[in-house]
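A.B. asks: For reference, the chains in residue letters:
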Amino acid sequence: MTMPRSTRKDIFLHLAVIAVLLAANYVLPEYHRSVFSRVLVLAVFAMGYNLLFGYTGLLSLGHAMFFAAGMYGAGLPIYHLGWNVPVSFASGIVSGALLALVIGLLALRTTGVAFMIVTMMFAQVGYLTSLFFTTWTRGEEGLVLTPAMRTLDLGGTAISLSEPSLRYLIGWALFSIVLLLSLWLVRSPFGRTLVAIRENEERMRMLGYDTFRAKLSAVVLSGTFCAGAGAAYGILFGYVGSGFASIQYSILPLLWVLAGGAATTLGPLIGTFFMFYIIDYTSGLTSAYLLLVGVALILLILFFPKGLLGTIRERWAKWLP
Amino acid sequence: MSFGPMFLLATMEGLVMAAVLALTALGLSLVFGVMRIVNVAHGEMFMLGAVLAWAISTAFAGHPSIGFVAALLVAPLVVGGVAMLSERLVLRQLNYDPEATIVATIGLLYIIQQLALTFYGADARPVQAPFNVRVQLPWFGYSGYKLFVIFAAIVLMLATWFVLTRTKIGLIMRATQYDRETALAFGIPVDRVYAGVFALGAMLAATAAVLVVPIQQAHYLMGRDPLLLSFIVVIIGGLGSLRGTIIAALLIGLSDGIISTLYFSPTLAKMLATLLVAMVLVFRPQGLFGTVAK
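First to last, the sequence lines map onto chains A and B. According to our numbering, the residues represented by the first sequence are 356 to 676, in order. According to our numbering, the residues represented by the second sequence are 70 to 363, in order.
The shape of chain A in the complex, shown without the other chains (with noise of 0.2 Å):
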C-alpha cells in the first residue's frame, strides 16, 4: 500500500525530531542537558492535555490532577513500600488512568464552561488531598526521593538514574513513544472522530457516534499521558511534591500548548521548550516570572489563538499533523 505523500513526509519530519533530540544528548552543555530532559518530560504532560484540548476541544483546567497521580502513583511506593522503578512507574500510569476514567464520567456529563470549572474543582480536590494526607505525602515540603531509591535493576548490575545523560535518554525515550502515539493517534479514524467532534458534536452524534465513549477514551488516554509525564518527573528528578497538584500545574500545559498550537503534534514540545526557557531567562532577571506568565497567556490568546506551529501551519505548511 502506497501511503500519501503528506504522510511520508510529516513521519520523516517526526523522525527528524527525535533524531535531533537524540544528538543533543551528546553535544549540549551540562545546564542545557539538564534542562532539556527536564522539558521533554514536560512535553509529554503537555501532549496529553493537547490531546484533549486540541484534538478534543475539550478545555480542561484541572489536568495537573492527572500529573500529580502519576507523580504520587510512583512516588509513593517507592518511598514507603520500596517498590522498584518500573513497577511503580506502571503504577503511576495505572493511578493515572483510573483517575482519568472516574473523572471523565463524572465531568463530561457537563460541556464548556461547567466542564472547566468542574475539572478545576476535582483537581483543587486532588490538591487538598494530598495536603490532608500530609503524614505520608509530607505536603507542600514533599518526598525526596533519594539516589538510591531510584536505581534501576539490570540483571545485578544497578544503574542510577540520577546520571545525567541516562536521565537524558529515559525522557528522550517517553517522549518518543507519546509522539510517534500522539502521531498515528490523530490520524487514526478515531482521532479524526475527535476532531470532529470538537467541530461539530452535534452532527456526529446524528451520524451514529457515540460522542460520549470517544471523549470518554480521549480523556482517558490523555490522563494517561500526562499521568506518565509525572510518574517520569518524579522518579527522574527525585522530588514528589502537593505543588505539583496546584492550579498552577493545570494552567501551565494549557499555556504550553497555546503557545506551541493546540492541535499540531509538535505544538506541545516547542511551546514547553519556548515558555521553559523564557521563564528561566526571565528569572535571572526579575523574580516575577508570574507577571510574564500572565502576559503571555494574554498575548497568545489576543494576537496567536492558534500558536507557533498553529501559525505556521495556516500560513505556510497545510501538511502539518
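Treat the hints loosely; a few may be bogus.
Claimed, not checked - Taking beta-carbon pairs under 8 Å as the criterion, some of the chain A residues facing chain B (in silico): (1) Leu414; (2) Val468; (3) Val541; (4) Ser543; (5) Leu646; (6) Ile656.
Hints in this document: simulated from the structure, not taken from any laboratory. Built from N, CA and C at the ideal position, the CB exists for glycine as well.
The hints should help you fit chain B onto chain A, whose structure is shown.
C.D. replies: Here is chain B on its own, set in the frame of chain A:
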C-alpha cells in the same frame, strides 16, 4: 465555653462571612449572568480592593474612620477602573468568547497577583477598624464593627437589587442578559453595558474586601479563597440567578463558619465542600435554585 455561647459565636462569625461572600459572589454572578463569561481574576479584584484599602487608610493620619471612609469610596473606584480597562483592552477584543475569556482572565490573575507582590510585598498588613464598639450579646460582647459589616452588605445588596429591578439601568442590563441581539436591535449600547457590568462586578468584590480588611489582614494571596467560594456560591445558587446567589452565600457562609469554628480540620472541610459542589455541577448543572437555561 459551653455549646450555647459557642454556637452563637459560630453563627455570628458565619453571618459575617456570609455577608462578605454574598457581596463578592454577587459581583461574579452579575458578570456571568449578563456577559456569560467567567472572570477568574475576580478574586484578584477582591485582593486589589483590600491592598488599596490598606494603602489609602495608612495615607490618612488622624482617626481611623477617616482613612476607612476614604478607602471605602476610592478603592472600589480604582478597582472598577482597572476592571474596565482590562475589559476594553482584552475581553472585548476576544469578543467575549467564554473559553478564551477564561484563559485571558487567568493571565490577568497572574499579572495582578505578581504586581501586588512586587509593590505591596509578601506581608499581611492590618487595617484599623473605623470604630471600636462592643455590642453585648446574651453571653458575650461582640465586635460592633462585624455587625456593621453584615448591615453594610445587606444595604449594598438591597441597592443592587433595587438598581436591577426598579431602574432603567437595571432594565437595560436585564434586556442585555435576556437577549443580546434583540437588545442591540433596540438600540441598547450592549458594548457599554458589558464594560459597566464588568466594572460593577469588580467593584462589588472590592467593596467586600474593604469591609473585610479590619477583620482579616490584607495579603497578596487573599484572593484565592474568595474566588473559590464565590464559584461555589454562584454554582450552587444557579449561574446568573441573583436570589440563588444570596441564598447560597448564606448557606455556605454559615455552614463554613459553623463547621470551622466547631468541628473538622479546615482542609477536610474545604475538600468535602469542593467535592460536593463539583458533584452539584455535574448532576444538577442549573444549580440548586436556578432554572434550566433557555
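A.B. asks: A separate judgement is required for each hint: does it hold in the structure or not?
C.D. replies: Hints, verified against the model:
no.	hint	verdict
1	Leu414	5 Å, holds
2	Val468	5 Å, holds
3	Val541	21 Å, violated
4	Ser543	26 Å, violated
5	Leu646	4 Å, holds
6	Ile656	5 Å, holds
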